[in-house]
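Q: Let the sequences and hints guide you as you build the complete structure.
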Amino acid sequence: MDSENSACGNPNPNPTLGPSKLMLAFRFLRALSLVHRTTPASSRTCRGRRIERAAYASMAYSAGTGRGWSRAVLRRLHHRARRRAVAPRRLSTTAGNRAEALRQLVPGGAGMDYCTLLEETADYIKCLSMQVELMQGIVDSSSSYGP
Amino acid sequence: MEPRGSSGVGSGNSGTYTPEIAESLRFEEEIQSLIDPSFDASSAAGGSFTALLGLPANQAVELLHHPGPGEPPASAATDTLRLPFGCSSTFVERAARFSVFATDDSPASSSGGGLSPGLKAEPPDSDSPPTLPAPAGKPRRPSKRKECEKSKAKAVAKKSKSAEENTSAAKPAAEENTSGDKLPYVHVRARRGQATDSHSLAERARREKINARMKLLQELVPGCSKITGTALVLDEIINHVQSLQRQVEFLSMKLAAVNPRIDFSGLDHILSAECGPLAVASGCGGGASDPAMWASDTAASTGGIRRMPAPPQIWHLDVVHPQQSSTVWENNGVAHPHFLLSPATSLVGYDPASSVPLNSNRLKTEL
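Residue numbers (numbering that gives the first Met the number 0), protein chains in the order written: chain G, 0 to 146; chain C, 0 to 366.
Read the hints as simulated data drawn from the structure, not as lab findings.
Nothing here was measured: the structure is a model prediction, and the numbers come from that model.
Glycine residues also receive a C-beta, built at the ideal position from the N, C-alpha and C atoms.
Wrong hints could be hidden among the right ones.
Derived pair list, reagent style EDC-like, types lysine to aspartate or glutamate, alpha-carbon separation capped at 16 Å [unchecked claim]:
| id | chain 1 | residue 1 | chain 2 | residue 2 |
| --- | --- | --- | --- | --- |
| 1 | C | 208 | G | 112 |
| 2 | C | 253 | G | 139 |
| 3 | C | 208 | G | 118 |
Calculated from the model, a selection of chain G residues having no Cβ within reach of chain C, i.e. all distances over 12 Å [to be verified]:
| id | residue |
| --- | --- |
| 4 | 44 |
| 5 | 65 |
| 6 | 70 |
| 7 | 71 |
| 8 | 74 |
| 9 | 79 |
| 10 | 80 |
| 11 | 98 |
| 12 | 110 |
A: Encoded structure:
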């Protein structure tokens, strides 16, 4: 799943406007079908985790390497793929300082200054919402078809 | 200070305004070298006088061309101010007209409302002023104006305390050009009663940047525009990001059950019709899992997909025709995955990881 995405270059036509929905859907659907093909039907949680990683991967690839958060996501993914570790979940509710909490939430946020952090957060939110829209659409369309 | 104005002027101004521009240049240079206490006494117009300093001569000419209050530039204005320069009346006239111009175009910013609203209001307005009489001068202008404005800002700020609304009116208009030309610097003029050293200026620029980004974020996050106070807004943003991440997790669990099976039998001819270069790669025997070709595929697909703004609908129809067994989403006639369908039809054809030939990919949704 990661290798298939990594073969793509950085074809982001509009880095300032955000990733294109088309490319996002393109990558995600491909990754999704791949996951379904490769994982055994029994391990649903495992498959769910893989799908989540695929979602982030397709998001990051669509955003291109012009964004700090997408680079961090891809870095994390590639490293995890090598070390076979599960992507950690970030829970930052305990962080008193809000900037710190935001840094934990946004991938790659730790190494940024505040100004860049805000910018990256905006882009990250845009991409996340697009991804959520896409996934919701897939779920809806598939569920409305079946029994 | 560098004589940047002359080069900017010489590059493409209309000849009729050259004498006035030369005058304004002389004014600017004199002001630079002048520590004139009487300058403060020329309150409002003096403020607008300094306001015009931030602009290169081309901008002054622009203002002259602007069909604003409609006062002829060379008219002898009532010069009630004791300015130490000759021919100052026309210059002040221009300056006054400029501040009116700024006020007209961006009423929000003229009330001393800081840089960011001016910045936001001005870029859309920067299109409305008439085309510059010196388009050729423009490329050279930014690079020169960069150093000059910064030094001017500090010099002028140190020498004169101008009225606040005039400087803030000047700032947005000056910023309009910088943001319009997309300069890396944001030039900040010191406001009345505020510190003018470089550190404070830089800090203020940084703060304005941060405020601008916060405003963007507020627009992105639903329900955030009503909240006042940075801390609460940040809380809201954090909550939103967390909720989005949770949604991704939840939906991915749901998708683990959904197997998107898509029928792409009609894919080939669609692709050859829509995306020319892709047709080559769509050697859809499914075979070549060549990463190099794959990379060029995606690059070409970007170009190809980019080239077709409208045709997702066409794809939808085309896919309907050739195949008997319909895809899930066709059956539903769901409008939403409209864009889903087209990329779906396009991409599975290129799946290099699948060793199964394309045509045998008859899939149906399982739930």
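Q: If a hint holds in the structure, say so; if it doesn't, say that too.
A: Do the hints match the structure? See the list:
no., hint, in the structure
1, C:208 x G:112, "holds (12 Å)"
2, C:253 x G:139, "holds (10 Å)"
3, C:208 x G:118, "holds (10 Å)"
4, 44, "violated (8 Å)"
5, 65, "holds (14 Å)"
6, 70, "holds (18 Å)"
7, 71, "holds (14 Å)"
8, 74, "holds (18 Å)"
9, 79, "holds (16 Å)"
10, 80, "holds (15 Å)"
11, 98, "violated (8 Å)"
12, 110, "holds (17 Å)"
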